[in-house]
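Protein chains: 2
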Amino acid sequence: MQFELTKEYIENLKELIELNKEDVIKQSLVDLHSADIADILEVLNTKEAMSVYLLLEGDTASDVLLEIPVDDRRRFLAQFPSDVIARQYIEFMDSDDAVDVISELPDDKKEEVIAYIDDEEQAEDITELLSYDEDSAGGIMAAELVAVNENWSVQICLKEIGRQAEDIDEIYYVYVVSDNEKLKGVLSLKKLIQYPTQTLISNIYNKEVISIETHGAREDVAQMMEKYDLVALPVVDNEGHLKGRITIDDVVDIIREEAEKDYQMMSGITGDVELSDSVLSITKVRLPWLLIGLVGGILGAFVISGNEGALERIPNMVFFIPLIGAMAGNVGVQSSSIVVQGLASGANDFQSLTGKLFKELGVALIVAFVLASLILIFNLMFNFAGSDGNLAYIVSFSLFIVVIFASLFGTFIPLFLNRLKVDPALATGPFITTMNDIFGLLVYMLIAQFLF
Amino acid sequence: MQFELTKEYIENLKELIELNKEDVIKQSLVDLHSADIADILEVLNTKEAMSVYLLLEGDTASDVLLEIPVDDRRRFLAQFPSDVIARQYIEFMDSDDAVDVISELPDDKKEEVIAYIDDEEQAEDITELLSYDEDSAGGIMAAELVAVNENWSVQICLKEIGRQAEDIDEIYYVYVVSDNEKLKGVLSLKKLIQYPTQTLISNIYNKEVISIETHGAREDVAQMMEKYDLVALPVVDNEGHLKGRITIDDVVDIIREEAEKDYQMMSGITGDVELSDSVLSITKVRLPWLLIGLVGGILGAFVISGNEGALERIPNMVFFIPLIGAMAGNVGVQSSSIVVQGLASGANDFQSLTGKLFKELGVALIVAFVLASLILIFNLMFNFAGSDGNLAYIVSFSLFIVVIFASLFGTFIPLFLNRLKVDPALATGPFITTMNDIFGLLVYMLIAQFLF
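Residue numbers (this note's numbering), protein chains in the order written: chain A, 237 to 688; chain B, 237 to 688.
Same shape as in the complex, but just chain A (with noise of 0.2 Å):
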C-alpha cells in the first residue's frame, strides 16, 4: 500500500533516466505521493533530480518542491526564471507555503515573482503574510479559510463552503464571522451536516473558540494546538478581525524543530545536519563547539598549573581529576535539562526563583551526599590515596561542594536566561558543561591547597 523507497528502484530509475525513457519514468511516478517523489528526488544527484523534477505536472511539481529539503529547493528555483516560479508553481500553493517559498529566494526574485503571480487576491494575501514575523503566527499561517457569517442559514452556508473551499485542501473547522468580519465562533462539518437547512448559524456555532493574535510567537501556537487538541487555530488582529488559520501539520513541523534544536544545543552541534550531508557541512556545525571545548580545557590547564604546589603536596591528587570534572558537567547538564523542559512545555507551577533554587538545594543535597559518601567509602576501603591519607576527604569534601554548586548553577543559568529572552537550553550546551568542569577542578585545587 504505501510507498517504500528501494536501492533497486533507484538504480533502475537511473538507468530509465540514462536512456532517456520519460514516458515510463512518468508512469512510475503518476501514484505516487508527492512526499515520495520528494525521496526519490533526494537520492539522485542534482542532474538527475532536475530531469525527473521538469517531468511533473503543475499541482504535483508544487506539492514536491514543498517537500523537498530548503537547500535543493534553492538550487532548484535558482534554475528557474521569475514568470515561472510564479505560474507553474506558486499558482498552485496555498498562501502560507507561497509565502515560505519566496520568502528564501534572493531579495530581488522575490518582488520580481509575486509581481508574476496572476491571481491578484493571491498576490494580496502573500504580500500581507511577508509583513508579518516569520516567528509570528502571522507569519506561519494561511490565508485560505472558510468562513461563513453568523446570520445566514444551514443551507446559505452549504453553499458558499461549496464554493470557497474549492481552494484549500482540508477544511477541519469552518469559522463564523461578524458582518464586519471579526471572528465570533467557530462550527464543525458535521453539525452542518446534522442540522435542517433553514436552521440559523447563530443558533448552531460554537462560540467558545479558541484563537491567538497575528503577533503571537510560534512556541505559544504550538503549545495551544496541543493542549487544546486543535487541528486548526483561527488568527485575528488586534481588532478580533478573522486574518488567517494555522493547521495542525505545521505545528507538528514547529514541534520537531523546537525539540531538535534543544538536542542539538545539548550534543554541542550549531545547525541542521544529517549523516548524508558533506563532510564539510558536517564539520562546520560540529567545530564551533568544540573550540570552546578546548579553550575550556586550556583555562583547565591553567587551573592546574595555577595550583601546583597542592599537587606536589599531595601527588595522588591527580587520579581524581576526570572524576571531579566529569561529575560537574554531569549533575549541571541534568539540572538545566529539567528546567529547559519545564519551560519549554510552559507548565505552570507558580515557584518563585528561590523556591526553585531551594528545592534544587534539596536534591543536590541528597545526591551530594550519596556521592561523597560513595566515594568516601571506596577510597578508605581499597586505600587508593596511597600514603595521602587526606585525599580521601578531601575528594569527598570537594565533590560535595561541587555537586552543590553545579546544580545551582545549572537551575538558575537556564532560568536566567529565558528571562533575559534567550533560548535557556543554551545552558544545557558544552558552554555551561565546559565551566562546570572548571570549576569543579578549580573548587578541588582549591580545597587541597587551603583546607588541608
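I should point out that these hints are in silico values taken from the structure, not numbers from a laboratory.
The reader is advised that the hints may include incorrect statements.
All copies of an identical chain are treated as equivalent in the list; a pair is satisfied when it fits inside any one copy or across any two copies.
Below, computed lysine-lysine pairings styled on DSS-like, alpha-carbon distance capped at 30 Å [what the hints assert, rightly or not]:
{"id": "1", "residue 1": "K657", "residue 2": "K463"}
{"id": "2", "residue 1": "K520", "residue 2": "K463"}
{"id": "3", "residue 1": "K595", "residue 2": "K283"}
{"id": "4", "residue 1": "K595", "residue 2": "K345"}
{"id": "5", "residue 1": "K463", "residue 2": "K346"}
{"id": "6", "residue 1": "K395", "residue 2": "K283"}
{"id": "7", "residue 1": "K420", "residue 2": "K262"}
{"id": "8", "residue 1": "K243", "residue 2": "K346"}
{"id": "9", "residue 1": "K420", "residue 2": "K395"}
{"id": "10", "residue 1": "K262", "residue 2": "K443"}
{"id": "11", "residue 1": "K595", "residue 2": "K250"}
{"id": "12", "residue 1": "K463", "residue 2": "K262"}
{"id": "13", "residue 1": "K657", "residue 2": "K497"}
{"id": "14", "residue 1": "K497", "residue 2": "K592"}
{"id": "15", "residue 1": "K657", "residue 2": "K345"}
{"id": "16", "residue 1": "K262", "residue 2": "K520"}
{"id": "17", "residue 1": "K520", "residue 2": "K283"}
{"id": "18", "residue 1": "K345", "residue 2": "K420"}
{"id": "19", "residue 1": "K420", "residue 2": "K520"}
{"id": "20", "residue 1": "K592", "residue 2": "K463"}
{"id": "21", "residue 1": "K427", "residue 2": "K395"}
{"id": "22", "residue 1": "K283", "residue 2": "K592"}
{"id": "23", "residue 1": "K520", "residue 2": "K497"}
Once you have looked at the hints, place chain B on chain A.
Coordinates of chain B only, in the frame set by chain A:
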C-alpha cells in the same frame, strides 16, 4: 479570550473551597476548557482537587480526567468504585482514551470496570483494543470512525454520517469500505458537500488511501502521519478490514514523548520529572546515571594510577588531563547524536555501515587536525609545557587519536544498538561519554608512556 491561570485565581478558588461555595465554583468552571480545569487541579492539593473535581458534570469530568497526569489520575480513580468509573467516566470516552484509562487500573479492577460498562458495543471495542500491544498502531487507535459503503449515494452517506457521527468529536475523513468491511478509500466531507446528492460514492472517493496494519509500530504511525501530512490514519487488520483510526493529537503526543525520551537520555535522567515534582522523585531519576559517572571516575583513577610512571617522568602532563577527557566526551556525543537524529527521522540514505564510518572518518580527520594543531600552536607559543619539551607533541598527538576514535565509536555504537533493536539514544547518554573519557585518558597516558 484564552483562560490564564494566575496566582490570584488559585488563591480565590482555595478560599471558595474553604468556604464550601460549591455553586460559585461550579459557575466559575462552566466556561473553561477541560485542559484548563486540569491545570487548575494540578496546582491544588489532593483534597482540594478532589472536591472541585466532584462538582464537574459527567462529560466534562471525563474530559478533565483525560487531561490530568497519569499519577494524579490513578490516585483519583482509586477513590471510586468500579461501577462509578464505568458509568460516570468511561461511558463518555472514545474507545482509545477509555483503553488508556482502564489499562492504568490495578488488574482486578480492570475487568470489573469493563463488566460495568452498559454500552455493549463500547465494552466490546475496549476489550478488543486492550488485546493489542500498547506500542502498536492497534494499541493507540480508536474504534470510533465514520465509514460508508462504496455502493452508496452521497445522500445515503450524508444521512449515515449524521447518525454515526453522534459519538465522534471530529470526523476529519470518511472512510469508504466494501461490503465485507475492507478499506477501499477515503472521502473528504468537502467532496460530499460539493457533489449532487445522487452521485455514487464509488465515483468520487479517493482510492489512494494510506493505512497501517494493527501491529505497526507507533513510531511508524508518527512518521507516516508527519510525512504525508495526515490528520487521521486508518488502521486495518492483516486482511485489510478497517479496524480503527489514529488521530493527529495522539501523534503529537508520540512525537513529544519520543523527543523527550531522547533528550532525557542525553541529559542522564531516567524518567519524566518536572521542577514541581518532589525532591525525592527528582533525586530518584538523577542518581542512577550519576552513579555510573562515579564508577567511570573511579576507573579513570585506576587508569592514571596504573600509568604513574609517565606522570612522574612528565609531571606537567596533568595540566591536559581535563582537556583530553572533555574533548573525547564532546566529540563522541556529537557523533552519536547525529546518528540518533537520523535514525529517528527515518531518513533514507542507502549508505552502508562502512560508508557511514568512512564519512565520519573524513569529518574526524579534519576536526582532529584543526584541534590538534591549535593546541600545538598554543603550547609552543606559550611554552606551557614548561621543561617537558615533548609534552606539546604528546598532547596534540593524543588529542588527534582520541578525536578520531571517539568519532568512530560515537557513530558506530548507536548504529550497532539500533541493529540490536536497542534504543540508539542510549549511545548519547552518560555511559558512552564516560567510556570515551576514560579511553581518552588511557590513550594519553599510553602515548606518553611508550612513544615519548
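Against the structure, the hints come out as follows:
Proximity of K657 and K463 under a CA criterion of 30 Å is satisfied intra-copy only: 23 Å inside one chain copy versus 32 Å between copies. Only between protomers do K520 and K463 lie at most 30 Å apart by alpha-carbon distance; the minimum there is 28 Å, versus 37 Å within a single protomer. Taking the closest pair of Cα atoms, K595 and K283 come within 30 Å of each other only across two copies (23 Å); inside a single copy the shortest separation is 59 Å, beyond that limit. Taking CA atoms no more than 30 Å apart as the test, K595 paired with K345 passes in neither setting, with 55 Å inside one copy and 36 Å between copies.
In the homo-oligomer, the alpha carbons of K463 and K346 lie at most 30 Å apart only across protomers (28 Å), although the nearest pairing inside one protomer, at 36 Å, exceeds that limit. Taking the shortest alpha-carbon separations for K395 and K283, neither the intra-copy value of 47 Å nor the inter-copy value of 53 Å comes in at or below 30 Å. For the homomeric pair K420 and K262, the shortest alpha-carbon distance between copies (25 Å) is at most 30 Å, but the shortest distance inside one copy (47 Å) is not. In this homomeric assembly, K243 and K346 never come within 30 Å of each other (Cα to Cα): the closest approach is 38 Å inside a single copy and 48 Å across copies.
Taking the shortest Cα distances, K420 and K395 sit within 30 Å of each other both inside one copy (20 Å) and across copies (28 Å). In the homo-oligomer, the alpha carbons of K262 and K443 lie at most 30 Å apart only across protomers (20 Å), although the nearest pairing inside one protomer, at 49 Å, exceeds that limit. In this homomeric assembly, K595 and K250 come within 30 Å of each other (Cα to Cα) only across copies, at 24 Å, whereas the closest approach inside a single copy is 61 Å. Taking the shortest Cα distances, K463 and K262 sit within 30 Å of each other only across copies (22 Å), while inside one copy they are farther apart (43 Å).
In this assembly of identical chains, K657 and K497 lie within 30 Å of each other by CA distance both inside one copy and across copies; the values are 16 Å within and 26 Å between. For the identical chains of this complex, K497 and K592 are neighbours both inside a copy (25 Å) and across copies (23 Å), given an alpha-carbon limit of 30 Å. When the C-alpha separation of K657 and K345 is checked against a cutoff of 30 Å, the pair qualifies neither within a copy, at 34 Å, nor between copies, at 49 Å. In this assembly of identical chains, the alpha carbons of K262 and K520 never lie at most 30 Å apart, being 38 Å within a copy and 58 Å across copies at closest.
Taking the shortest alpha-carbon separations for K520 and K283, only the intra-copy value of 26 Å comes in at or below 30 Å, while the best inter-copy value is 56 Å. For the identical chains of this complex, K345 and K420 are neighbours neither inside a copy (39 Å) nor across copies (45 Å), given an alpha-carbon limit of 30 Å. Proximity of K420 and K520 under a CA criterion of 30 Å is satisfied in neither setting, with 50 Å inside one chain copy and 49 Å between copies. Only within a single protomer do K592 and K463 lie at most 30 Å apart by alpha-carbon distance; the minimum there is 25 Å, versus 40 Å between protomers.
Taking the shortest alpha-carbon separations for K427 and K395, both the intra-copy value of 15 Å and the inter-copy value of 12 Å come in at or below 30 Å. In this assembly of identical chains, K283 and K592 lie within 30 Å of each other by CA distance solely across copies; the values are 24 Å between and 57 Å within a copy. Taking identical chains as interchangeable, the C-alpha atoms of K520 and K497 lie at most 30 Å apart whether they share a chain (16 Å) or sit on different chains (27 Å).
In this structure, the hints that do not hold are numbers 4, 6, 8, 15, 16, 18 and 19, in rising order.
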